[in-house]
Amino acid sequence: MLPSTILTSVKVTVLEAIRKGTEFLERKGIDSPRLQVELLLAHLLGIKRMDLYLNFERQLQPQQIDALRDMILRRAKHEPLQYILGSVNFCGLEIKVTPAVLIPRPETEILAELCVKYLKEISKKTLDLTEAASKVKSSDRSSYLKVIDYGTGSGCIAVYLAVNCHKAQILAVDASERALEVARENAARHGVQDRIEFIKADSILTLCEGPKVDLLVSNPPYIPTEQIPKLQPEIRDYEPRIAIDGGADGLQVLKHLAEHGGRVLKDHGVIMVEFGDGQEQKLMELFSACGWSDIQIVNDDGGQPRFLTAVWSRLQ
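Residue numbers (this note's numbering): 1 to 316.
Calculated from the structure, these hints are not laboratory results.
Quantities reported herein were computed from a predicted structural model and do not represent experimental measurements.
Just so it is clear, CB atoms sit at the ideal spot from N, CA and C, and this is done for glycine as well.
There is no bait here: all hints are sound.
Distance condition first, Cα-Cα at most 35 Å in a straight line; then the derived DSBU-like pairs of lysine-lysine:
#, residue 1, residue 2
1, K200, K212
2, K212, K120
3, K212, K117
4, K282, K266
5, K282, K124
6, K28, K48
7, K212, K282
8, K212, K255
9, K48, K77
10, K230, K200
11, K146, K266
12, K167, K266
13, K200, K125
14, K117, K266
15, K146, K96
16, K125, K212
17, K125, K146
18, K167, K200
The calculated label-pair distances, taken between Cβ atoms and stated as ranges, are:
#, residue 1, residue 2, range
19, E23, A289, 50 to 58 Å
20, I122, G86, 31 to 39 Å
21, Q304, P62, 46 to 54 Å
22, L35, G210, 44 to 52 Å
23, S288, D237, 33 to 41 Å
24, Q304, E181, 31 to 39 Å
25, E185, P224, 29 to 37 Å
Sequences are here, hints too, so could you generate the full structure?
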């Protein structure tokens, strides 16, 4: 429980709530405690964080005090802020998140943007992705670019692609039905549910009999199993194990995609994946050994190798 001096008064101002909440989270070892409290309080009040500074003397209602206390207690136990708030910003889109899905990271935005850039480049030969969808018969999607988002989780990548590529059809795949439920909600939230199909599967081989696709994208689990106990509690204790544990070397799913991903791609189709620290050399060797060509590594905003792209030829 919170100490009796924290948020128990019937008259608590915004400033007092921020001060006391910050002190409490700081004692619990939470990083950036004031920022955390401000984000929680702004969410609770339905205002922008900076607007709190214009409302320091505003008195909180008893139910607001109780709600804020509960949220601060959850954060003090290292529950991720994003789960408490219920959503995260991803490439400008509000994406719902629950403990059933991995919380989208800023670096994964780069992967999503790489995908959109590629789709728009190949569309120049076949279609205009920026053309209003209303100009094409809704039933005529034979010319649409086709994408598989393998391990879709919250659906953040699939939804972002559908929002930005009006003539792309996405197959969002995940082994977790609970994750797919969240992904469906996010697709509906952004009005793209008619161009995203959701499938429960734990192997890319399940999709081999379907239509071949232009792009296979994945942000798979890539943390080695032995490193899981060393992770910060926000990740280790709250995010779904299936979404972070990449097996003994962290490459279990990535190996699967290298070995079998080409079977779902069209000739000269492309794969784009995210990977962990220090895995780039092994992945380049792996994809090369499996017959992929034009293998490239892309860095994240911190200058660290983070993404691999490669081309598959069906004529080899």
